[in-house]
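Asker: Sequence:
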Amino acid sequence: MKKKVAIVGAGPGGLTAGVILSSKGYQVDIYEKNEYIGGRNSSLILGDFKFDLGPTFLMMDFILEEVFEIAGRKTKDYLDIKRIDPMYRLLLPNGREFYPTYDLEKMEAELEANFPGAFAKYKEFLREEKKKFDALVPCLQVPYDSFADFFKARFISAIPRLDAHKSLFDHLGRYFEDENLRLAFTFQAKYLGMSPWECPGTFSIISYIEHGGGIYHPIGGLNEISKSMARIIEENGGSIHLEMPVKEVVVKDKKAQSLLLENGETVSADHIIVNADFAHAMKNMVKEEHRPKYTDEKLGQKKYSCSTFMLYLGLDKLYECGSHHNILFSKDYKENIDDISKRFVLSKDPSVYVQNACLTDSTLAPGGKSTMYVLVPVPNNNSSIDWEKEKKAFRDKIISIMEERGGYSGIESHILEEKIITPLDWESEKSVYKGATFNLAHNIAQMLVFRPHNRFEEFQGCYLVGGGTHPGSGLPTIYESGKISSRLILEEDGIEPGF
1 MKKKVAIVGA
11 GPGGLTAGVI
21 LSSKGYQVDI
31 YEKNEYIGGR
41 NSSLILGDFK
51 FDLGPTFLMM
61 DFILEEVFEI
71 AGRKTKDYLD
81 IKRIDPMYRL
91 LLPNGREFYP
101 TYDLEKMEAE
111 LEANFPGAFA
121 KYKEFLREEK
131 KKFDALVPCL
141 QVPYDSFADF
151 FKARFISAIP
161 RLDAHKSLFD
171 HLGRYFEDEN
181 LRLAFTFQAK
191 YLGMSPWECP
201 GTFSIISYIE
211 HGGGIYHPIG
221 GLNEISKSMA
231 RIIEENGGSI
241 HLEMPVKEVV
251 VKDKKAQSLL
261 LENGETVSAD
271 HIIVNADFAH
281 AMKNMVKEEH
291 RPKYTDEKLG
301 QKKYSCSTFM
311 LYLGLDKLYE
321 CGSHHNILFS
331 KDYKENIDDI
341 SKRFVLSKDP
351 SVYVQNACLT
361 DSTLAPGGKS
371 TMYVLVPVPN
381 NNSSIDWEKE
391 KKAFRDKIIS
401 IMEERGGYSG
411 IESHILEEKI
421 ITPLDWESEK
431 SVYKGATFNL
441 AHNIAQMLVF
451 RPHNRFEEFQ
461 GCYLVGGGTH
471 PGSGLPTIYE
481 SGKISSRLIL
491 EEDGIEPGF
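Throughout the sequence shown, residue numbering follows UniProt numbering, covering 1 to 499 in sequence.
If you are wondering where the hints come from, they were derived from the structure by calculation, not from laboratory data. Heads up, a few of these hints could be off.
To be verified - In silico lysine-lysine, BS3-like type, Cα no more than 27 Å apart, as pairs:
#, residue 1, residue 2
1, Lys317, Lys397
2, Lys247, Lys298
3, Lys334, Lys287
4, Lys252, Lys4
5, Lys166, Lys342
6, Lys342, Lys397
7, Lys331, Lys397
8, Lys166, Lys4
9, Lys82, Lys227
10, Lys247, Lys33
11, Lys342, Lys287
12, Lys4, Lys82
13, Lys3, Lys254
14, Lys298, Lys348
15, Lys50, Lys348
16, Lys293, Lys254
17, Lys331, Lys391
18, Lys419, Lys430
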C-alpha cells in the first residue's frame, strides 16, 4: 500500500516535494486554499494581460532540471526557457545606464564604457566567487538539525569562504572601489529582502550565480513552472485540491497525525509537509502548546524581511527602451534602504524594479500591447504606514519615476489594466506574515540550524518547505528545500533517495 503524504499549500516548495515523492511511489495530496496553484509563484490575469504574481527571475536552472530528472522528466518537454541577456538594465545613482551581460566580451566593453579599468577585477570576482559557490552550494543542499552538522566535512571546508563577518557591500569592496559599480553586485541582497550593508558577505554568491550562470525566463512566465510541476504530480497519480484550506495541523503525542480542513474533513497521512508561510502557518494552523520554540510572542520577536509594493500594468503599447529586467536606483540608495529596514518609512526617492517581459515573451499580452510588472521594496507591516491613505500618492510617485528616470514616457496614458498590491494586501489576502514577502530575514542568527528545520523540530511527522526554512527565500533555494525534505522522508522510510 502506498504511503500517504499530505502537503499544505501548492507553492513552489510543496510542488517540488510533490513532484519528487509522487515519482517515488507515494500517494501525494496537496491542499491549497486558493483557486489556483503556485502560491506567490502563480499567474495574475488582468483582462487580456498575464503576469507573474511574484518571482520573475529564474536562476540556478540546474536545480529545476534536477527536480525534473528525479521525476524522470526533462524541463524542455514542459517549459520553453530563454536566457535573458543583457541580464538587466541598471540605472545607477550616478545617472549611468549599465547593462551587465553574461557575454564576457560584451561585458568587457560595457565595463570599459562605464567603469574604465574594472574588467580585470571583474574577472577576479568571477574566479574567486566561483570557488565560494563550489564550497557553499553543497552546504545548502543538506538539512541542519543540530550543531553537530557544523562539524561535518562539507561545512568545515566551506568556513574559510563564508565571509559572514562582513557585510555584502564591504565584501564586494574587495573587487570594486567605485560604489556605483559595487551596487551592481550587491543590490541582489534585495532578493532576500535585506540591505547590502546588513546582508552577510556570504551572499555574494547570488551575483556570481547571475554572472556565472545566467538569468532565465520561461515563456508564459515563471508561473508556468508551477503549472508544469502540478502536471507531473497529476501524471504520477497525485491530487491537488484547490479551494481546500487547512484549518489545523493536528498534533497528538508530539507527532503530526492529520490535517483538519476548513470544511471539517480530516486527512490522515504518514507524513505532513507544510508549505504555507512559516509564521502564518504556526500562528493559524498549529496550537501554541505544540510549538514552545515558536510561540506567538517568539514569532513576533524574530526579524523579518522587507515587503513590496506592487503595480501590475497592462499597456496599449510596447516600450522598446531598456531591458526585460530594469532597476531604477534611488539617487541615494543607502538612504532608501535605511528608510525601509531601519526607519520603517516610505522613501521620498524609492528604488523601482520594472519587468518589461513582452520584450522577450509575446504570449503575455495581445499584439502591440504589453505588460509591466513593477516592484518597489518597502517596509513590512512592523511599520505604521497607513497604506489606504498612502497608496495612491505612492503609486503616482512610482509612475513618475518610471517616466522620468526609466524612459517610459507618457506611460500613464497607456494603462489599460492596473492592479496594486500593498504590504497589507500581502498579509490579509496572501497570508504573508507582516507582509514580509521574503519571509524570515537571512541574518546569521536565522540561517542554517537557527532557521526552522526542514524536519520540523517541534514535533515528529512534519516537514517544512519554502522560504521560511533552510536554505531560505528565493525560487532556487525553495526548490532545494523541497528536495531536502523529500530526501528526509525517503530516508526515514528506508528508501534510497538517489539524489
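Asker: All hints are to be evaluated individually against the structure, with a verdict given for each.
Answerer: Each hint tested on the structure:
1. Lys317 / Lys397: 21 Å, holds
2. Lys247 / Lys298: 22 Å, holds
3. Lys334 / Lys287: 41 Å, violated
4. Lys252 / Lys4: 18 Å, holds
5. Lys166 / Lys342: At roughly 19 Å apart (the allowed maximum being 27 Å), lysine 342 and lysine 166 satisfy the hint.
6. Lys342 / Lys397: With a Cα-Cα distance of about 22 Å, the restraint between lysine 342 and lysine 397 holds, given a limit of 27 Å.
7. Lys331 / Lys397: 15 Å, holds
8. Lys166 / Lys4: Violated. Lysine 166 to lysine 4 sits at ~45 Å, over the 27 Å cutoff.
9. Lys82 / Lys227: 17 Å, holds
10. Lys247 / Lys33: 10 Å, holds
11. Lys342 / Lys287: Roughly 32 Å between the alpha carbons, so the hint for lysine 342 and lysine 287 is violated.
12. Lys4 / Lys82: 36 Å, violated
13. Lys3 / Lys254: 20 Å, holds
14. Lys298 / Lys348: 33 Å, violated
15. Lys50 / Lys348: Cα-Cα ~30 Å, so violated.
16. Lys293 / Lys254: Between lysine 293 and lysine 254 the Cα gap is close to 14 Å, so the pair holds against 27 Å.
17. Lys331 / Lys391: OK: lysine 331 and lysine 391 at ~22 Å, within 27 Å.
18. Lys419 / Lys430: 15 Å, holds
When the structure is compared with the earlier hints, violations turn up for hints 3, 8, 11, 12, 14 and 15 and for no others.
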